[in-house]
Amino acid sequence: MDAVIGVLTISDRASRGEYEDISGKAIIEYLKEVIKTPFRIEYRVIPDERELIEKTLKEMTDSVGCSLILTTGGTGPAPRDVTPEATEAVCEKMLPGFGELMRRVSLDQVPTAILSRQTAGIRGSCLIINLPGKPQSIRLCLDAVFPAVPYCIDLIGGAYIDTKEERIRAFRPGR
Amino acid sequence: MDAVIGVLTISDRASRGEYEDISGKAIIEYLKEVIKTPFRIEYRVIPDERELIEKTLKEMTDSVGCSLILTTGGTGPAPRDVTPEATEAVCEKMLPGFGELMRRVSLDQVPTAILSRQTAGIRGSCLIINLPGKPQSIRLCLDAVFPAVPYCIDLIGGAYIDTKEERIRAFRPGR
Amino acid sequence: MDAVIGVLTISDRASRGEYEDISGKAIIEYLKEVIKTPFRIEYRVIPDERELIEKTLKEMTDSVGCSLILTTGGTGPAPRDVTPEATEAVCEKMLPGFGELMRRVSLDQVPTAILSRQTAGIRGSCLIINLPGKPQSIRLCLDAVFPAVPYCIDLIGGAYIDTKEERIRAFRPGR
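For the protein sequence lines, the chains are A, B and C, in the order given.
Just add 1224 to wherever you are in the first sequence, counting from 1, and you've got the working numbering.
Just add 1224 to wherever you are in the second sequence, counting from 1, and you've got the working numbering.
Just add 1224 to wherever you are in the third sequence, counting from 1, and you've got the working numbering.
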């Protein structure tokens, strides 16, 4: 069975069609570039509404059956930025190491990386990761954390995912 | 309108006048050294009492109108160290990247930097940052995080602050 | 009075005797190698049951009088991994710097280090630190954080511990 990977863009303006969702598209492009096992993408664009984000994450996990959801947007300090809160509310376990590493690699690019509250967590057999809003930062963060993603999904009973070794080497201990 | 910046020293002994508050003075000196836009300082010294810290932070934010509050003291593991708890209790959002970076740069100086529980968060349009107690560590931490401070305050609707570029380069994306 | 140090292995399989607890033994060996002041070890092996972990941590702290407890196992993202939750539930204060540093040093070895949710916290006059499951990673993490451990225990009123300087230099500010 193909893995289902959710791409969730959280942005008031993109959801109203005020601009093109280049962030979500950058994530989809990245996934096609690095994953070699079969998968299909569940793609959504919603506004920065906490209840709606929670509802959407639950649906993509529990009904659609995503093994991985990558969100983009809503991780900053502004009043409308509520993605990390929504993520934490639907997850049973948080994985602080993802946020720490993503902020650390982003900090080499911009000092404002410390303003990002991005995190990651587990709901059932789905890993949810918050990514930043800018395509360039998305790529940087995914390059940093993706080697650990397939094994994490193994551990929580999600779908089997493997990567193109020349691009990202998925690490599975004992292999 | 001038920005109002709060400097809050949290120390049982300094509040009883048992020693001079060199930490609070080091913060004030630092602010004068790096900020070029007009600002005034609201300075307080209080004991390590959680309720009083919360009340003071609320007052400095909601009544005095601070856009930035820098606390010093009370971030360690000792029973009387309750500054992070009080900060979290009054903030709507936490910014874990500040604590991570401040501990990381402090760790280059002393291995006990991992004992610091310092954090940062947002209350209304005010950014609250916990700094360590020692003047030398205060300077190190401020140098690390200050480039991100003015843009953070922009994002939450606080006062406009700019820095002396030769000292600290405030980073505002897209500028 | 000799310091009491708890070594708590949390593993379904080790607790059923399905394999030897090499992780707990690696911790004990490490302690004997680096601590020069007198201490005795309180050693337990229990399954990954949250309530039992909490009960055991409370007992080792409140009744046995441990000044330091080192746990191993149960810090990953799998459903049975509940050590960090149990630790947080019994602690009055969390020390995020420990987890950050242990993940950072582990990340130099394996990209899956970000999956570890290990943390540290204070209960009364006891410091509780979650270590990873693998002996090699245990040693790496202990080398990273141990210089800060004796001073932390001083601050919370636990037993005096000092290290063999040629192996680990315990840092006490002002000494």
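Wrong hints could be hidden among the right ones.
Put simply, identical chains are the same to the list, so a pair is met inside one copy or across any two.
To be verified - DMTMM-like cross-link-like pairs, simulated, lysine to aspartate or glutamate; straight-line CA separation at most 20 Å:
| # | residue 1 | residue 2 |
| --- | --- | --- |
| 1 | K1282 | E1390 |
| 2 | K1358 | D1226 |
| 3 | K1317 | E1278 |
| 4 | K1279 | E1312 |
These are calculated hints, taken from the structure and not from any lab test.
This structure is a prediction, so every number in the text was calculated from the model and none was measured.
Against the structure, the hints:
no., hint, in the structure
1, K1282 with E1390, "neither (34 Å within a copy, 49 Å between copies)"
2, K1358 with D1226, "neither (28 Å within a copy, 33 Å between copies)"
3, K1317 with E1278, "both (15 Å within a copy, 17 Å between copies)"
4, K1279 with E1312, "within (13 Å within a copy, 26 Å between copies)"
Checked against the numbered hints above, the structure breaks hints 1 and 2 and satisfies the rest.
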